[in-house]
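Enquirer: Here are the chains, one letter per residue:
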Amino acid sequence: MKQEEVYEEEFELKQEKNVISAVFSWFISNIKFLLVPGSRVEELTQREIEYERVRSKRKFIRRFKSFLTITGIVLIFVIASFAVLAPWISPGTFLEANGVYYNQWGPPSEINPLGQTSFGRDVLTRLIWGARSSLTIALPAISLSVIFGVMIGIISAYYGGWVDSIIMRIMDIFLAFPGLILAMVFIAIWGQEIQFIMLAWGILGIPYYSRLIRGNVLQARKLPYIEAARVSGAGSWRIMFKHIMPNVIQPIIISFTFDIGGIILSLAGLAFLGFSDPRMIEWGNDIAEARGQLYNAPWASLWPGFIILLTVLGFMLVGDGLRDALDPKLKNL
Amino acid sequence: MSMIKFIIRRLIAMIPVLFGTLTLVFVLSRLMPGDPILAYLPEGKVDPVLYAQMRHNLGFDLPIYVQYFRYIGDLFVGNWGYSISINKGQDVWSLIMQRLPRTVDIAIFSMLIAGFLGIKTGVISAVHRNKPKDTILRGLALIGVAIPIFFMGMLLQFTIGYLVPIFPTTGFKTYEYGNPEYVTGFRIIDAFLSGEFYMIGDYLYHLVLPVACLSFIILAGITRQSRSSMLEVLEQDYVRTARAKGCKEKDVINTHARKNSLIPTITVIGLSFAGLLSGAVLTETTFGLVGIGELLIASIRDVDYWVMNALVFIITIMFVSINLVTDIIYAMLDPRIVY
Chain A
1 MKQEEVYEEE FELKQEKNVI SAVFSWFISN IKFLLVPGSR VEELTQREIE YERVRSKRKF
61 IRRFKSFLTI TGIVLIFVIA SFAVLAPWIS PGTFLEANGV YYNQWGPPSE INPLGQTSFG
121 RDVLTRLIWG ARSSLTIALP AISLSVIFGV MIGIISAYYG GWVDSIIMRI MDIFLAFPGL
181 ILAMVFIAIW GQEIQFIMLA WGILGIPYYS RLIRGNVLQA RKLPYIEAAR VSGAGSWRIM
241 FKHIMPNVIQ PIIISFTFDI GGIILSLAGL AFLGFSDPRM IEWGNDIAEA RGQLYNAPWA
301 SLWPGFIILL TVLGFMLVGD GLRDALDPKL KNL
Chain B
334 MSMIKFIIRR LIAMIPVLFG TLTLVFVLSR LMPGDPILAY LPEGKVDPVL YAQMRHNLGF
394 DLPIYVQYFR YIGDLFVGNW GYSISINKGQ DVWSLIMQRL PRTVDIAIFS MLIAGFLGIK
454 TGVISAVHRN KPKDTILRGL ALIGVAIPIF FMGMLLQFTI GYLVPIFPTT GFKTYEYGNP
514 EYVTGFRIID AFLSGEFYMI GDYLYHLVLP VACLSFIILA GITRQSRSSM LEVLEQDYVR
574 TARAKGCKEK DVINTHARKN SLIPTITVIG LSFAGLLSGA VLTETTFGLV GIGELLIASI
634 RDVDYWVMNA LVFIITIMFV SINLVTDIIY AMLDPRIVY
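Residue numbers (the working numbering), protein chains in the order written: chain A, 1 to 333; chain B, 334 to 672.
Be careful, since some hints might not be right.
[Said to hold, decoys possible] Heads up, simulated DSSO-like pairs for lysine-lysine below, C-alpha to C-alpha not over 27 Å straight-line:
hint, chain 1, residue 1, chain 2, residue 2
1, B, K581, B, K464
2, B, K464, B, K583
3, B, K578, B, K592
4, B, K578, A, K59
5, A, K65, B, K378
6, B, K581, A, K65
7, B, K378, B, K464
8, B, K338, B, K506
9, B, K378, B, K338
[Unchecked claim] Just some of the chain A residues that point at chain B, by a computed CB distance under 8 Å:
hint, residue
10, M184
11, I189
12, V231
13, I287
[To be verified] Simulated coverage check for chain A against chain B, where a stretch passes if three residues somewhere in it have a Cβ under 8 Å from a Cβ of chain B:
hint, stretch
14, 121-133
15, 166-172
Calculated directly from the structure, the hints in this document are not laboratory data.
Keep in mind it's a predicted model, so treat the numbers as computed, not measured.
In this text, a Cβ means the ideal position worked out from N, Cα and C, and glycines have one as well.
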């Protein structure tokens, strides 16, 4: 208590002083710093170092904050909130979205704001509930691809030699195919269930990421600081995952966001062809069902397609923004 | 001379990849649920004696490694078996040869349009950076990359095909016209050789919508890549030197900068072309074209080993050849690349 009273007293005293005398006293106390070029005041240098750390992040954030990237983030946020808050914000429940009603293919009206699709289901409800399946499959699949792809890529590129050759040949075999066909074959083998779709896309992404990171690791392997770490006695695993990985991970981050959009597109494609899990609500499935009625009821097939476009657009915009913000060559943007 | 050695080396390196792919497909197709023997038996209850005899005829009772070697030998010799999924009993070679020219036609048309136009729009977009031209092109490219192919196809079908009925929406010919005499299988060449020119116009008229759809999407990818690599090239020192020496701006771009930006773009073009040749499955399904994409899906759905194996064989060879051609083009473009 007593200390606070003392501080208040001092504060009141200081306020009575003049501004000019405050500035004057600052000059006097820092005169060595002001007059002697090259001298450093310890306290100010410390602060400058901290400012620099914040400023470099701030430049990244400033470059990241362009209008299009914010639009992308807003789009992703909207779709994610559709997925998470579906029971509360959609006009119908999950059972209502899968029910069977009397009139089908009705035009947009008060009850069905965007119209009706097959079996009389409401398009808007199916749009909102469908966000769940896309995001639920895309995120674990891409995490699987990235984690295993990065590990395999770093290990194979670091060791080199015959290990590298064999692993890259296996990856080439997987890459010699259009991904859609291999995914269809995997789903045909394991069954049309949601966990197998995730697994199939996860496995198909691994060759892409390991190739992507392999080039950078081959370059980074020759750098002097890796040699220095080796000489200091670091083991192979420590070098790989503590020294090399943080430096080669940058194209992976950019590719990651683009790839989420790519996986959502491929999922929609698979669902359109009929290879997705029949228990879940999937936008591509809706488009396939409504295709026959394109002329009578265009709303049933065009709205799901439009929302796929919005979702993928959101991820692509964020990916573009990240790429422009992280690219050191485009400094004068 | 080293180029020929490089080609031979690459062709030899193609063989393990080919074998690996064929082995992978063999393993995967044997793992798939579904029995192709049942397609050869009459409907109804399965007679065990007939089943065993069919199994012996088709060669499925041999040990698995013998089956594997017969499978590889058959593929390379050309004995591709008979199809059970699309046209039952037709031999796979003629089935594929009926459908492949359609896919190749669409692929060639789309790549011609998208390739030339894409490089040009990428260069324009990079040169007029942040001006209205660039913004519009970038916006269109972004939409082209993000849009699902079937959605765009259906949009085109609905707007240009139905509301304003200019172009036909499905199929590749009007039914009454029939087919020209079979010389090569490519409809345009056959119609030209047999003198029925109205078929050519009709065919092209039917192909407008699918080719427009596909080339828009591929154009988007090529434009983005071309823009990005052109921006990188325009920051280089030699461009600055050329400008400082008094070169006209258009000469700087066309003569000095453009060739150097082509290498990553050619990669994207090659990959897109390979993807197209392996059957643009979604486009073919949307527009009702008869190509090998549909054949592939049907064979996976009906577990038709013979069609699947033959198609995988063809697609792998095409993919690897396109990669080889892309690498040769790299060497032609950049004299520093010596294999």
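Enquirer: Which of the stated hints cannot be reconciled with the structure, identified by number in ascending sequence?
Expert: 4, 5, 6, 7, 8, 9, 12 and 14
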